[in-house]
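Asks: Chains as they are written, first to last, in our numbering: chain A, 5 to 364; chain B, 12 to 563.
Keep in mind that the hints were calculated from the coordinates and are not lab data.
Beta carbons are placed, not taken as given, at the ideal position from N, Cα and C, and that holds for glycine.
Don't take each hint at face value.
Cβ pair distances, simulated, as ranges [unchecked claim]:
#1 A/Ile289 / B/Trp18: 36 to 46 Å
#2 A/His37 / B/Arg523: 54 to 64 Å
#3 A/Ile155 / B/His158: 22 to 32 Å
#4 B/Arg523 / A/Leu146: 55 to 65 Å
#5 B/Val515 / A/His37: 37 to 47 Å
#6 A/Tyr166 / B/Val515: 55 to 65 Å
#7 A/His37 / B/Thr278: 53 to 63 Å
#8 A/Tyr166 / B/Gln89: 54 to 64 Å
#9 B/Val515 / A/Ala72: 39 to 49 Å
#10 B/Trp18 / A/Ser145: 43 to 53 Å
#11 A/Val276 / B/Val51: 45 to 55 Å
#12 B/His470 / A/Ile155: 58 to 68 Å
Each chain, letter by letter, is given below.
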Amino acid sequence: MGITRRELLGWMAAGAGAGTFLKKNAWAAGNHHFTGYPKSAGVLHDVTRCIGCRKCETACNRVNELPAPETSFDNLDVLKDRQWLSDSRLTVVNRYFPAGTNSPVYVKTQCNHCLEPACASACFVKALKKQPTGAVTYDESLCVGCRYCMIACPFEVPAYEYHKPLTPRVMKCTLCQPRLEKGQLPGCVEACPKEALTYGRRDELIRIARQRIDKYPGRYIRHIYGENEMGGTSWLYLAGHSFGALGMREDLGVASAPSLTAGALAVVPMVVSVGVVLLTGIHAISQRKDKVAREEQQEAVNRAREEAEETMARKLADQKRAADKEKEAAIKREVEKALAESARENQPGDPAGEAGGREG
Amino acid sequence: MVPLLIWFSSWTEGKGMLNGFFRGRRKYYVVAAFFLLVPVVLAAAVSNSASGESRVDMLEIELPDRTKMPAVTFLHDQHTGAMPDQGCETCHPQENGKYVFDYKKAGTLAYEAATAFYHDDCAGCHRKMASGGKEAGPRIGQCRECHVEETGFESAWKPIEFDRSLHFRHVNAEAITFKPEQYDQNCGACHHVYDEKLEKTVYRKGEEGSCRYCHLEQKKENTRSYREAAHDSCVNCHKGLSARGTKTGPVDCAGCHSAKGQAKIDTLKDVPRLKTKQPDAVLMAAWLDEAEKQDKLPDQLTFPVAFNHVGHEAAVGSCRQCHHASMDRCDKCHTSRGDKEGGFVSLETAMHSEKSAIGCIGCHEQVKEKADCAGCHDQMADKPFADRDCRQCHAVPPETLKPLPLDAETRREIARTVVAERRETPERVPDEKIPEKVKIDIMVDEYQAAEFPHRKIVHALAERTKENDLATAFHQKPETLCMGCHHNSPASLNPPRCASCHKVAGPQADGRPGLLGAYHGQCIGCHTKMNIEKPAATDCAACHKKRSVETR
């Protein structure tokens, strides 16, 4: 892998740049307070008006064409037990006896259509979406049935059609989106005889709720549940007793669910884009470093060998010269010796002058 | 927990520690033991705390230093009940023939001496009882049996109000006398004031007031707390009388301070008026004294209020309802500026505060929360103070206040005259002017038209309010009662119909419910507040029958 430092830095910058484009949406939820789409609608539930007649449940069942209930909605004895949302009951009424009062209090529960829904945030296929109208809608054609939305919802609202193995749906209140499009009120709002449910623009409902509290301060707790809980919900509640005594969670805080996870999620693209490049670069650098080290080592070895060979060659040459010289000297000595011998031989009686023939 | 233990055992084994203590099957035995033990331990811990029994006789022995051990809660009735044959003198010394309700005067001891005393005395008595074969309390050494942080008892102690009924019964009691040769009433038997010169309490006729004017919640320099003074006075007297065999009040905690004990106390319905020099009517005009000094009415004045004192006497539990700190005029302490003696509460706030039951408006608001009134009044929105009609009370025309100065008797006479002009019994709208039944058919859909029993309901409202003097005083016109339902429009015998303002289409932006919500809200709301059980809110057919599908 041949990558220079300059190339590495360039890749990292590119990755970071790409990451910023990916990061933008998550940060929008992270450090920006979303107060709802303008003109988004909601419903104000005045708990002090509810008499537990369950007409809202009847209407919801009819409007959404849900299966008939086990016990008729006219049966009010069921209220002695806690009622739970289910795949065939998109809204339920519960009865409570808060401390310090002998008369019962009734509360209607359903999807709260949060301004920043946890379910929509958890859904990775965008089956649950927050609409500008205020409703959190569910598209069954996109749903994969992972049920992350059920885990994510702080109000434990979405229910699942477990009994349908092939085409199960997540079931929750839809704010009667089809009826709203026709200009009708949601089924439950229309059915309530006590006007415990008021449909309208969310900001109007907050104004109405505050007005009611001011006009009847002895009747209400001075708090609109849902105004800020979990970043704000489209379904707002007024009550005369503490909401904790009415089965509603008071420990949720005002941070929306997406904002709680936005920080961690925002880092993911950064980690993926920059991190990959970074780690690749580090890998490349260390590989390169090793390779270079190996090459240098190889080179050193080669050089050493060369030097050794050279030295050896020189030595050999010197030795050879020395040897040659010696040989020559030896030859010379031998020749001289031979000449001297022959001269000595020739002196006394050299017959034919052959010693002279050997000169040279 | 299980994986942790298993990991731990593997780890110790790997390290060769303890010869791998949790090895083999042993680790499972440990886990099983753990799961068996924990619930047992938890149950024991839980059972040791609150049993939740409610008592009224819990007395905390208060010593200045509570850092060493938690304060001991002494159960008085339990002890008196356990030794019925022994009298109060067992624990309470007597002085001048009366018991001192301080345990053997231990309150006078210093901390060290007091602790030693309590330890010796309490544990000593317990030891004596135990040696006599009886069930007894903790001995010395069983420290934490007495010194507990949480006793587990719930206090059901209720304060007892010495109301007009109880007061009258004491005034009327033959057994209570005070210098009969000098006074024709026995006020001095209980009432006294502190004389600075004589440095003791004496009885002064005409200066009787509530004990709580001087004896406050907390003990002051030389004034005992209300609790001490009341027990000393009341219980001692009851004790003395019961010793003589006379029927008298309770002597144990539960007799006065438990709900059951209080229910047993006879309450007179019509208490005769107290015979002191209180006025029948009072002319309330804070500026009048100053005006008299200057001998002319001020240019800007609030019309005085003619206050029906005798009428209010019958309406309150005791004089303290209004005369909460002294029997003086309200403006003696509550100046118009709001000075320290009045607790920085100005006169205007004192009279008009909607929150305090001591003031006029606050008390009236409380009365309107009663079931007989709340049906209409609960549905009425809070009126800002500026929108109230001041002339309902401030009605004395200044012309009647001439010539100045006015002495006390003249002022009362003026007030009495104005009060007398008010009606004493409510005037009712004649039946022929009230529709008998009203057919409400404007929104017929799932249900048939409702036959509204209009006259019957008006009669019921009139019946339920006719005895109430406050209602009579404020429902000046007979049509005022109609405004309970025919609201937000002037009183009239021909008021607008509900549908005039409440639209069938639905609620309006100003908070006005739609017609459906208006009918159900007004009717059901009234029934709920007036504790009318039939028809039930969810019994739709009781008010309008269902329409069969064919006729729809």
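Asks: Note whether the CB distance of histidine 37 of chain A and threonine 278 of chain B lies within 53 to 63 Å or breaks it.
Replies: holds, 60 Å
Asks: Given a hint of 55 to 65 Å, does the C-beta separation of tyrosine 166 of chain A and valine 515 of chain B actually sit inside it?
Replies: violated, 43 Å
Asks: Taking 37 to 47 Å as the stated bounds, is the beta-carbon spacing between valine 515 of chain B and histidine 37 of chain A within them?
Replies: Since valine 515 of chain B and histidine 37 of chain A have Cβ atoms about 40 Å apart, the given range 37 to 47 Å holds.
Asks: Within 54 to 64 Å or not, the Cβ separation of tyrosine 166 of chain A and glutamine 89 of chain B?
Replies: holds, 58 Å
Asks: Return holds or violated for the Cβ distance of valine 276 of chain A and valine 51 of chain B against the range 45 to 55 Å.
Replies: holds, 52 Å
Asks: So the hint says 43 to 53 Å: do the beta-carbon atoms of tryptophan 18 of chain B and serine 145 of chain A match that?
Replies: holds, 46 Å
Asks: Please test the hint of 36 to 46 Å on the beta carbon pair from isoleucine 289 of chain A and tryptophan 18 of chain B.
Replies: holds, 39 Å
Asks: Should the hint that histidine 37 of chain A and arginine 523 of chain B are 54 to 64 Å apart at their CB atoms be regarded as holding?
Replies: Violated - the Cβ-Cβ distance for histidine 37 of chain A and arginine 523 of chain B, about 33 Å, lies outside 54 to 64 Å.
Asks: Quick check: does the Cβ-Cβ distance between arginine 523 of chain B and leucine 146 of chain A fall within 55 to 65 Å?
Replies: violated, 43 Å
Asks: Does the beta carbon distance between valine 515 of chain B and alanine 72 of chain A stay inside 39 to 49 Å, or does it fall outside?
Replies: Taking Cβ atoms as reference, valine 515 of chain B and alanine 72 of chain A lie about 31 Å apart, which means the hint is violated.
Asks: Per the hint of 58 to 68 Å, is the separation of the Cβ atoms of histidine 470 of chain B and isoleucine 155 of chain A within bounds?
Replies: holds, 60 Å
Asks: State, for the Cβ atoms of isoleucine 155 of chain A and histidine 158 of chain B, whether the hinted interval 22 to 32 Å holds or is violated.
Replies: violated, 49 Å
When each numbered hint is compared with the structure, violations occur for hints 2, 3, 4, 6 and 9.
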